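Colleague: As they're listed, the protein sequences go chains D and L.
Start counting the first sequence at 1; every next residue gets the next number (the numbering used here).
Start counting the second sequence at 219; every next residue gets the next number (the numbering used here).
I should point out that these hints are in silico values taken from the structure, not numbers from a laboratory.
Model, not experiment: these values are computed from the prediction.
Just so you know, even glycine gets a beta-carbon here, dropped at the ideal spot from N, CA and C.
Keep in mind that a hint or two might mislead.
Some chain D residues flagged as far from chain L (calculated, every beta-carbon gap over 10 Å) [claimed, not checked]: (1) W56; (2) R92; (3) Q99; (4) I108; (5) K127; (6) T139; (7) D141; (8) Y156; (9) L161; (10) W175; (11) H186.
Using C-beta positions, here's what the derived DEER-type ranges look like [unchecked claim]: (12) D/K100 with L/T304: 19 to 29 Å; (13) D/L62 with L/A263: 11 to 21 Å; (14) D/L167 with L/L238: 20 to 30 Å.
Listed here are the chains, written in short residue letters.
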Amino acid sequence: MAQPSTSVKKGEHVQHHFVDSDQQFEASKMGMWIFLVTEILFFGGLFLGYIVYRSWYPELYLMASEHLDVFWGAVNTVVLISSSLTVAMAIRSAQLNQQKGLIINLCITIALAFIFMVIKYFEYTEKFAVGIFPGGYYTYDGIAHDQANIFFSIYYMMTGLHGVHVLVGIGLMIWLVVRARKGHFHSEYYTPVEITGLYWHLVDIIWIFLFPLLYLID
Amino acid sequence: MSGHHISSAKFLWGVGIALLILTFLTVAVTWINIPEPWNVVVAVAIAVVKSTIVAAFFMHLWWDTKFNVLLLFMSIIFFMILVGLTLLDALYRTDPIPSF
Numbered sequence: 001m002a003q004p005s006t007s008v009k010k011g012e013h014v015q016h017h018f019v020d021s022d023q024q025f026e027a028s029k030m031g032m033w034i035f036l037v038t039e040i041l042f043f044g045g046l047f048l049g050y051i052v053y054r055s056w057y058p059e060l061y062l063m064a065s066e067h068l069d070v071f072w073g074a075v076n077t078v079v080l081i082s083s084s085l086t087v088a089m090a091i092r093s094a095q096l097n098q099q100k101g102l103i104i105n106l107c108i109t110i111a112l113a114f115i116f117m118v119i120k121y122f123e124y125t126e127k128f129a130v131g132i133f134p135g136g137y138y139t140y141d142g143i144a145h146d147q148a149n150i151f152f153s154i155y156y157m158m159t160g161l162h163g164v165h166v167l168v169g170i171g172l173m174i175w176l177v178v179r180a181r182k183g184h185f186h187s188e189y190y191t192p193v194e195i196t197g198l199y200w201h202l203v204d205i206i207w208i209f210l211f212p213l214l215y216l217i218d
Numbered sequence: 219m220s221g222h223h224i225s226s227a228k229f230l231w232g233v234g235i236a237l238l239i240l241t242f243l244t245v246a247v248t249w250i251n252i253p254e255p256w257n258v259v260v261a262v263a264i265a266v267v268k269s270t271i272v273a274a275f276f277m278h279l280w281w282d283t284k285f286n287v288l289l290l291f292m293s294i295i296f297f298m299i300l301v302g303l304t305l306l307d308a309l310y311r312t313d314p315i316p317s318f
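Required output: the full structure, derived from the provided sequences and hints.
Modeller: Printed below as a string of structure tokens:
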């Protein structure tokens, strides 16, 4: 039973199993949200570890977080929030067929993501230099607590996994720039920009929680 | 056309600036000494407000289908069940805390 091919005028990007462009867009977006649910629960396990150990060793968290630099943590928060803004602006550019604005906003986002990773790199190396390693490799003796390594295991695990997500985001954004330069995105089809944006905002949200919970324990 | 809301540039900048102000606020509240456990409550509350702003306006949930909002809420509810059930064990153990 062949469908009458003249019933709906489809855009080039619409795959045959979708009724129209909007339905395809909504389906992609819902799929991305389901993926983000798994991401929230993925990080949720680490936040749970954080909560359990904080309930056991509240004094350790107070002592150890003083060894994290609030200034650079705050700078990184500003960097990530700015990058969320540029992603939102990139989506707006795509919706308005502004090819140049889309590419520029994506490039600024990539630059900000690199700045975030460079700051993270300096934070890590500064700690490695004094022997603050995760788990059994911890050799620093500046914190008078037997379980000082636990805080830093949690710190490295949470910020490390978050950092991996930032790197993946950089990769996705470079892919978007390549496709945008080929003119793949326009007001009728910008789904990859939209769902990469959703991913990037979630990475931002996770940092919004990590920053006060790790750096700002007072 | 629920999925194609186009935010104005002015609006997006406003959201970004609001988030930066809240970031400043979350650092500033540590300068005044709020007693335990309220310092954690305040820090998490500000983070929740910031995340809600990001989810509602940057992630377009405000204009999106309710189903996607439901997905987000379900993930939060299941995370809270995970935390709640685990703390029922971790907080009320008679055994000493493990050495790890």
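Colleague: Could you check the structure against the hints above and give me the numbers of any it violates, in ascending order?
Modeller: Of the numbered hints, 1, 2 and 12 do not hold.
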